[in-house]
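Top line first, the protein sequences correspond to chains C and S. Residue 20 is where the first sequence starts when you use my numbering, and the numbers rise one by one after that. Residue 54 is where the second sequence starts when you use my numbering, and the numbers rise one by one after that.
Hint data in this document are derived by calculation from the structure and do not stem from the laboratory. Ideal Cβ placement from N, Cα and C applies to all residues, glycine included. Each statement offered as a hint is correct.
25 angstroms max Cα-Cα, derived BS3-like pairs, lysine-lysine:
1. C:K162 / S:K179
2. C:K162 / C:K105
3. S:K167 / C:K153
4. C:K153 / S:K190
5. S:K190 / C:K106
6. C:K162 / S:K137
7. C:K105 / S:K137
8. C:K141 / S:K179
Covered stretches of chain S (chain C as the covering partner; in silico rule of three or more C-beta atoms under 8 angstroms from a C-beta of chain C):
9. 147–160
10. 186–193
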Amino acid sequence: MNPTENDDMSIEVLLVEDSPGDVRLTQEAFRDAGKPVRLHLVSDGVEAMTFLRREGIYTGAPRPDLILLDLNLPKMDGREVLARIKKDHALKTIPTIILTTSDDEADVLISYQLQANCYLRKPAHWDAFDNLVKSINTFWLTKAKLPQQTQPG
Amino acid sequence: MHRVVLLVEDSPGDVRLTQEAFHDADPSIELHVATDGVEAMAYLRREGIHAAAPRPDVILLDLNLPKMDGREVLAHIKENDDLKTIPTVILTTSDAEADILTSYELRANCYLSKPVQLEEFEGLVKSINDFWLMTVKLPQQALGG
Numbered sequence: 020m021n022p023t024e025n026d027d028m029s030i031e032v033l034l035v036e037d038s039p040g041d042v043r044l045t046q047e048a049f050r051d052a053g054k055p056v057r058l059h060l061v062s063d064g065v066e067a068m069t070f071l072r073r074e075g076i077y078t079g080a081p082r083p084d085l086i087l088l089d090l091n092l093p094k095m096d097g098r099e100v101l102a103r104i105k106k107d108h109a110l111k112t113i114p115t116i117i118l119t120t121s122d123d124e125a126d127v128l129i130s131y132q133l134q135a136n137c138y139l140r141k142p143a144h145w146d147a148f149d150n151l152v153k154s155i156n157t158f159w160l161t162k163a164k165l166p167q168q169t170q171p172g
Numbered sequence: 054m055h056r057v058v059l060l061v062e063d064s065p066g067d068v069r070l071t072q073e074a075f076h077d078a079d080p081s082i083e084l085h086v087a088t089d090g091v092e093a094m095a096y097l098r099r100e101g102i103h104a105a106a107p108r109p110d111v112i113l114l115d116l117n118l119p120k121m122d123g124r125e126v127l128a129h130i131k132e133n134d135d136l137k138t139i140p141t142v143i144l145t146t147s148d149a150e151a152d153i154l155t156s157y158e159l160r161a162n163c164y165l166s167k168p169v170q171l172e173e174f175e176g177l178v179k180s181i182n183d184f185w186l187m188t189v190k191l192p193q194q195a196l197g198g
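Chain S on its own, in the form it takes in the complex (with noise of 0.2 angstroms):
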């Protein structure tokens, strides 16, 4: 099954290891990376570049990012009639319970914080394939609009 997930990740760090750890998941998987909020509300919309890039089944946000933060990008998708019914998966290092609840509030899907060890960090991210892109029923792909 092709999947289409949105990473919205300023550390190229975590860009790496995450393409890489979905990579040995599931190579089919069609990851598509964003560096900032504004760039990923950008995609999001199909806006210039990125007039043709495919909707995301599923979108990982950190909360700090530069330009437009991840808490606005959330309350923003959230807020989008055509765009709220993507899974919204919250993935940063923030451990605050302040982060936590922000999000849940602003209605994101779930809140994970990423581990600062490698291995774990692999093991986050095939246990997001598993469950977001195996086990979960996504909404179809809804025309645009």
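Pulled out of the complex, with its shape left as it was, chain C reads as follows (with noise of 0.2 angstroms):
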């Protein structure tokens, strides 16, 4: 099990995705995996580091338990979000799955330098998408041991 900062036990999932329709799907598939799973929203990089480091709006957000982070976003690209989540001491231990289109070798080699903790590529079809959302969850939320919320320092 894995406590969070709240009492319940509800995991925080930070979903950095621009894309309205593949936000939609990653809502309806989590709602469906039977797990409380608490997913917060952010459409660009910028966005996604504000809310990281508890900036502005940002102020009380909870510190994802699991970040899913696509590659390719407006403001700042998904790459450089990477490298500054695990550049960071108080957000590197954060597992941060790559969550994108792209099928690109040179992609997957880049996140896996950046340190991504795992790689997955975004299926064209609902039915595999909803597959998907459902061995993240299988996966990360129940086979894994994430690590206990820790203060930024």
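Both chains are given apart, each in its own frame, so use the hints to dock them into the complex.
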């Protein structure tokens, strides 16, 4: 079990995604997955870093237990967001999963070089997308041990 | 799809269980075993008898190992430009929060705690296969160097 700062056992997931359709599919797949997940949504890279650093309107934002990060994002690219997360001592232990349409081997390699915890390719079909989110849910939220919440330092 | 897994594990019982569970999940998986941390690094660096060793697609790494601790093996893997892109999954009996945190700090790709019950252990190995070998997009084999 991975207790959070909150009293309940909800798992905080940050989804960094600019496509409204993919956001909707991800929300629905998590809702169906049977585990209490609180999904937070940001739609560009700058907003992702603002959320993670609890700046501006995100002062009260929870620390995510898991980050789902698209690579191609407005304002700040997902690769840059990933690099910043993994260079930040307070943030680098948060498992960060790349979830992208790109199948480019160079994107896969650079993501692992930048210490992505894993790389998943978004399937084009709804059923496969739904299954993928469920497998993220099963593996990362029920099998994997996530680090406990630590205060940013 | 042919997949190579390096299991770094000193418990013969856990080695056997992991071999059997992978075999049940997919007999084509090529599982290599190193029983201590020094052997794991020799395998990964293709030294001595490991000169022709295939690069693993995924590493399963126990934390408590003879000769060189799993934490040190993990640190060596993730400090090496050639090896650091190999997903490295910690698979250990330890449930200690400090071990979980240290492993993620040392850039483990994921941390799994070994279940005590046989059926759960088999289920966990199946889920490693389903997720890491079937679902995740792994980096292509880089040319050695």
